[in-house]
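Peer 1: Spelled out, the chains give:
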Amino acid sequence: MIEFHLDGRSGVAPYLQLIHQVRHALRLDLLRQGDQLPKVKDVAAGLAINPNTVLKAYRELEYEGLVAARPGIGTFVTGTLSGGSLATLGPLRTDLRRWLAKARRAGLDDESIEALFLSTFRSAREEDIA
Amino acid sequence: MTAVVETEGLGKRYRGQWALADCTLSVPARHVVGLVGPNGAGKTTLLNLATGMTAPSAGTIQVLGAIPAASPAQLARIGYLAQDAPAYAGLSVADHLRLGQHLNPAWDAALARARVERLELNLRQKAGTLSGGQRAQLALTLAVAKRPELLILDEPVASLDPLARREFLQDLMETVAEQEVSVLLTSHLISDLERICDYLIVLAGARVRLAGPVDELLATHHLLSGPRRASDSGPAGAEVISASHTDRQSTLLVRAAGPVLDPAWTSAEVSLEDLVLAYMKQAAGRAGRARHLEVQR
Amino acid sequence: MIWLTWRQFRAQAVTAAVALALFAVLLVSTRPRMASLYAASGIAGCHTSSCAGLASGFLNQLASTTPFSGHALDPLPDGFNLYPFVYTGSILLILLAPAIVGIFWGAPLIARELENGTGRLTWNQSITRTRWLTVKLTLIAAAAMAVTEAFSQLQSWWATPIGRAMGVGGSASVFTGNRFSPLAFVTHGIAPLGYAAFGFTLGAAAGLLIRRTVPAMAVTLAVFAAVQLAMPLWVRPNLIPPQHTTVAIGRDVTFGDYGVGNSALPAFSLTTGSVPGQPGAWVTGSGAVDRAGQPVRVLPAACAQQANQAGADILDCLDGQGIRIALSYQPASRYWAVQAAETGILLVLAAGLTGLCFWRLGRRRT
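Chains A, B and C are the protein sequences, given in the same order. Using our numbering, read the first sequence as starting at 1 and increasing by one per residue. Using our numbering, read the second sequence as starting at 1001 and increasing by one per residue. Using our numbering, read the third sequence as starting at 2001 and increasing by one per residue.
Because the hints were derived from the structure by calculation, they are not lab data. Hints may contain errors.
Claimed, not checked - Computed Cβ-Cβ distance ranges for the label pairs, DEER-style:
1) 1102/B with 2345/C: 35 to 41 Å
2) 1109/B with 2104/C: 42 to 48 Å
3) 2222/C with 1072/B: 36 to 42 Å
4) 2229/C with 1109/B: 49 to 55 Å
5) 1179/B with 2360/C: 32 to 38 Å
To be verified - Under 8 Å between C-beta atoms, here's a sample of chain B residues computed to sit facing chain A:
6) 1032
7) 1174
8) 1177
For every residue, glycine included, the Cβ atom is placed at its ideal position computed from N, Cα and C.
Bound-form chain A, shown alone (with noise of 0.2 Å):
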């Protein structure tokens, strides 16, 4: 089951950093179909947050789509994001390791990949458009 956590001071309202946890857990094929979110008074005690809180991140996803409430047993997933499949996923990931390694070995540290990775990724993205 998805584990929730919340980001005080990151100045984004807390459903919808429960929200984009969910989606981010989907992409990743960590949650799928069938699975079964926290209980809303699960998350609303673990998180010491408004239990409405919870319930408007839950219902921001089911009019996504995403998931589906069955009332007195929970909230289950019901759709996926496109983000490929299993099969897909795996090459990509060792590829995607790969080049990870390669880029240590020149000696770049956490923060020139990301930025390398993130302009890069905005760069192709424009082009695209274009």
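Chains B and C: place on chain A using the hints.
Peer 2: Chains B and C alone, transformed into the frame defined by chain A:
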């Protein structure tokens, strides 16, 4: 949705000073309502009026549709945790539970026992030897086990260490989720309120300065920054709550029904803490000017 | 609520029970000796003329007997007079009991809840303050009255022989006076109930108004002491209009002079503790009057010489001048009427204080 607390022009005077004045509120049910303000602003006075510990000097107040403390039935629907969690030092934890059982017809003994077990409180320990956090948890148990519709908590975590504070709030949120109870609490720790409250009331200088759902308040307030201005006035249609200036930049916190589209200003989201501080500063500013005038006279 | 009242009152109840038990042990262990002395004195079947003498003899014996001497475990020092000590001590205990109850049971009742803030806990359970106060006041007031009355009844039982001896005119050491004597009056009959109720409600009201336990205790003590002084001085004598009579100056009249009046003749007074033909009466006022019934305050010139010598001569002289003594008194038969009147006043005061407590607490003032 019905209101749990409804006041109309409520005021309370102590020895010629108005501790609370012109208070008109309609606090919705099934919310966690935060009551925030500087010390001496009237928060505890409002709670005392809500629990019937004291009677109004002006105006009216109704809690759960009845005059506070009017009848045992009305008292049974409200759980109250007073500041500093008072308890009988000579009575044990078990004695306190028996107190709750004998004095509350709707007492849920199983719930009380389960809570005490989960919190690992020693039943035979005298309340006088409990830590502050344990005493607060005992007091919350007494308030919760009577199955109230409304929980009123006066600075419940003010004197607790960070761990005890976090555990108390976790426990409180779990209770809210399980029992669907409305909560009205005061605190001056805004970071706590940000996590748990979905309705906010700001009290400063004995008056209500702001009241509303947190989402709505955050959506209708904006932090505007722009080049230095001479005056404190902002774009049209926006009410300036607070303003600060450096030699090059002006920053305004404004209230506006819709987004601010004036190109001269850069708009950013406001945090709850900034919002509360701005209103408290505004209240202090007005009071300061009044004091200044008094002196001149 | 009954459970809570008991739980909070437990320690005080145990203290009172232990005190009562110790008191009972003391009285029961000293009674047999007194009973045997009384049986041997012959007062039981005495003839009226000899009774007073026998009674005084018994009381004198009682005052000097040492019941435990010769026992290996004699706890008393030599020369210690046990019975006068127990007699006076027990009466003082009953006198103080209402004050103790007021201070230790009454003053903390509400004051402690306000001082410690525990009122904010208890008065927000599903119980109104009115009901809380009703149960607390009723149960503890009942306990206070019961305990005080228990002490009083125990003492009365123990002192029955002494009472009978004094009743037929005997007196010795501390065993003097009649039922109307200030100490005896408030510690017997139904007066203890009234004082207990008054003391307790006084403490509770003081605690509520002052809101702090220790100052409330002090105020309770002060007010109670004031009432204990005011009652016999000003209130009790006038509860029922006294009867009046004027009699010749008898043997037990006391002459007192107050120094020089005008024309160099001293002012004087005549006092007495008994009324001829009215055994056990309570003299509430006395004064010298002349043949016409007018008050006489200045010593007649003819008796100026005898004034300087104390004793019977001055009384004879005054008698020869036609001076008599006017008395206002309550006859012995009015004992229960006066008891009832005084207890009634105390209960009315207690009721008033109770009403004050309900009014103030119920008005939802923090």
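Peer 1: For each hint, tell me whether it holds in the structure or not.
Peer 2: For each hint, the structure was consulted:
1. 1102/B with 2345/C: 35 to 41 Å: Holds, at about 37 Å.
2. 1109/B with 2104/C: 42 to 48 Å: Given a distance of about 34 Å, which is not inside 42 to 48 Å, the answer is violated.
3. 2222/C with 1072/B: 36 to 42 Å: holds (38 Å)
4. 2229/C with 1109/B: 49 to 55 Å: holds (53 Å)
5. 1179/B with 2360/C: 32 to 38 Å: Because 36 Å falls inside the window, the suggested range holds.
6. 1032: Holds, about 5 Å.
7. 1174: holds (4 Å)
8. 1177: holds (4 Å)
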